[in-house]
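Number of protein chains: 2
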Amino acid sequence: MEKWIGVVGGVGPFAGIDLLGKIAAQTAVNLDQEHLTVLNWSQPATIVDRTEFLLGQVAENPAGALAAQVQQLAKMGAGVVGIPCNTAHAPRIFNQIRAELAAANCNVQLLHMIEEVGRFLQDNLPGVTQIGVLSTTGTYQAGVYVEVLGALGFTAVLPPFSLQTEKIHPAIYDPVYGIKACGLATEQAQANLQEGIATLKVAGAEAIILGCTELPLAFSEPTAAGLPLIDPTLILARALIREANPAKLKEVIE
Amino acid sequence: MEKWIGVVGGVGPFAGIDLLGKIAAQTAVNLDQEHLTVLNWSQPATIVDRTEFLLGQVAENPAGALAAQVQQLAKMGAGVVGIPCNTAHAPRIFNQIRAELAAANCNVQLLHMIEEVGRFLQDNLPGVTQIGVLSTTGTYQAGVYVEVLGALGFTAVLPPFSLQTEKIHPAIYDPVYGIKACGLATEQAQANLQEGIATLKVAGAEAIILGCTELPLAFSEPTAAGLPLIDPTLILARALIREANPAKLKEVIE
Numbered sequence: 038m039e040k041w042i043g044v045v046g047g048v049g050p051f052a053g054i055d056l057l058g059k060i061a062a063q064t065a066v067n068l069d070q071e072h073l074t075v076l077n078w079s080q081p082a083t084i085v086d087r088t089e090f091l092l093g094q095v096a097e098n099p100a101g102a103l104a105a106q107v108q109q110l111a112k113m114g115a116g117v118v119g120i121p122c123n124t125a126h127a128p129r130i131f132n133q134i135r136a137e138l139a140a141a142n143c144n145v146q147l148l149h150m151i152e153e154v155g156r157f158l159q160d161n162l163p164g165v166t167q168i169g170v171l172s173t174t175g176t177y178q179a180g181v182y183v184e185v186l187g188a189l190g191f192t193a194v195l196p197p198f199s200l201q202t203e204k205i206h207p208a209i210y211d212p213v214y215g216i217k218a219c220g221l222a223t224e225q226a227q228a229n230l231q232e233g234i235a236t237l238k239v240a241g242a243e244a245i246i247l248g249c250t251e252l253p254l255a256f257s258e259p260t261a262a263g264l265p266l267i268d269p270t271l272i273l274a275r276a277l278i279r280e281a282n283p284a285k286l287k288e289v290i291e
Numbered sequence: 038m039e040k041w042i043g044v045v046g047g048v049g050p051f052a053g054i055d056l057l058g059k060i061a062a063q064t065a066v067n068l069d070q071e072h073l074t075v076l077n078w079s080q081p082a083t084i085v086d087r088t089e090f091l092l093g094q095v096a097e098n099p100a101g102a103l104a105a106q107v108q109q110l111a112k113m114g115a116g117v118v119g120i121p122c123n124t125a126h127a128p129r130i131f132n133q134i135r136a137e138l139a140a141a142n143c144n145v146q147l148l149h150m151i152e153e154v155g156r157f158l159q160d161n162l163p164g165v166t167q168i169g170v171l172s173t174t175g176t177y178q179a180g181v182y183v184e185v186l187g188a189l190g191f192t193a194v195l196p197p198f199s200l201q202t203e204k205i206h207p208a209i210y211d212p213v214y215g216i217k218a219c220g221l222a223t224e225q226a227q228a229n230l231q232e233g234i235a236t237l238k239v240a241g242a243e244a245i246i247l248g249c250t251e252l253p254l255a256f257s258e259p260t261a262a263g264l265p266l267i268d269p270t271l272i273l274a275r276a277l278i279r280e281a282n283p284a285k286l287k288e289v290i291e
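Chains as they are written, first to last, in my numbering: chain A, 38 to 291; chain B, 38 to 291.
Warning: the hint list may mix true and false statements.
Since copy identity is lost for identical chains, a pair holds within one copy or between any two.
[Unchecked claim] Result set (DMTMM-like, lysine to aspartate or glutamate): computed pairs, CA atoms no more than 25 Å apart in a straight line:
(1) Lys287 / Asp211
(2) Lys112 / Glu39
(3) Lys40 / Glu224
(4) Lys112 / Glu89
(5) Lys40 / Glu184
Since the hints were derived computationally from the structure, they do not count as laboratory data.
Keep in mind that this is a model prediction, so the values were computed, not measured.
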């Protein structure tokens, strides 16, 4: 029995749409009618900024609003749900989402995007242990990737804090040239990210995780500076299809 | 009071995602949290091919499944709904959707994408009366644009039937090179469409409607052969924002 996929959209707005596109592109079909049922609930007004919460700038945990939207998707019929936002997978947020779903007796299968990335690395890049991570400063400071990858035997390689706050985070969040504000990767955002990748490579990174869902918009090639780029949104898309109906998952990433 | 936007996705799969992206891109925001609430219900397995119905190849009217999905969106809280599929706006389908919603006492505001295109032409291209239309053969034979544009005082200019069936429809539906199968516009699809536009221009067209939601994927510029290209998905996106909260509609198309 094929499960329906639920997506909590709007975190950020273009990341949710990117996930929907990757679900469609990774589904093996001959006809429109064979595509999976996908429900998207995008209500960003209720979800406070995940980074601001993790950095202590707002008190409200976005977990409450995220859990409410997961529950709405479950009520509509979704059997497996994904949240295309790296920062929402910080333990202080994601564990609280799980707790709220349990308290509400909501048994929908909620995938953990970053655990899926860890599994992907184990299966697809054997021998690689040093993983560079580009992300928001919220994800960086919360140690999301350090903790989850560490538990799976990897070492996360992060940029120095000054580079993180002056170049990487602004590539995503700067009001003038950031990907969120512009809906695309400006030249300045791309230059900042290339500098980040070069620095991570010198520090020993053997692959680069694009650890914010807006970042894949900045890269059209599967590698940068000779290192494979790992797109968690793409991995989440494939994991959602696998859980919904494995027979419809394309064998090879396209 | 801001309305929630509902989208019937999956008709076709990439067209629904394209609409969601255009809604986000046309919304004036400073923060993620200011984006509109958008609910997407994509359940393509239940919706028979609109063209096959109009051409008499299947008996079931897709209106029933489309109306059911509009009702689901209304039940979830959507106040204004769009269906990003030109062929679904053929009177034999769209009038039936309206009848089923009325019979179910569903009072959600359902926009008519092609009537919105007509309004856009009146407001933005004054003096233009001859409108070329590229579409599926289902939309072509059903006379969707001829009827709706005619009622608004325009003359629809269509390709000769042989060009329509041998070049235009296959650019969308061919299993090898068509946009639906490939998820992008192949060189062959683009060549077919350029031939169509050149023919419509010779026949007097002063603007070209990309009258199938997959077609905008084939064009990155706002004109072709010197004629303005009209994207109904973009116009539907802006109409949905206008009805949800006009203060959030970007003044100029971006």
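Should lysine 40 paired with glutamate 224 be assigned to within, between, both, or neither, using CA atoms and 25 Å as the limit? neither (41 Å within a copy, 36 Å between copies)
Is it within, between, both, or neither for lysine 287 and aspartate 211, if the alpha carbons may be no more than 25 Å apart? between (36 Å within a copy, 20 Å between copies)
Can you tell me if lysine 40 and glutamate 184 fall within 25 Å by alpha carbon in one copy, between copies, both or neither? Classified as neither; 30 Å inside a copy, 41 Å across copies.
Given identical chains, is lysine 112 near glutamate 89, meaning Cα to Cα at most 25 Å, within a copy, between copies, both, or neither? For lysine 112 and glutamate 89, neither the intra-copy (29 Å) nor the inter-copy (33 Å) Cα distance is at most 25 Å.
Using 25 Å as the alpha-carbon threshold, which applies to lysine 112 and glutamate 39: within, between, both, or neither? both (17 Å within a copy, 23 Å between copies)
Hint compliance for this structure: hints 3, 4, 5 are broken, all remaining hints hold.
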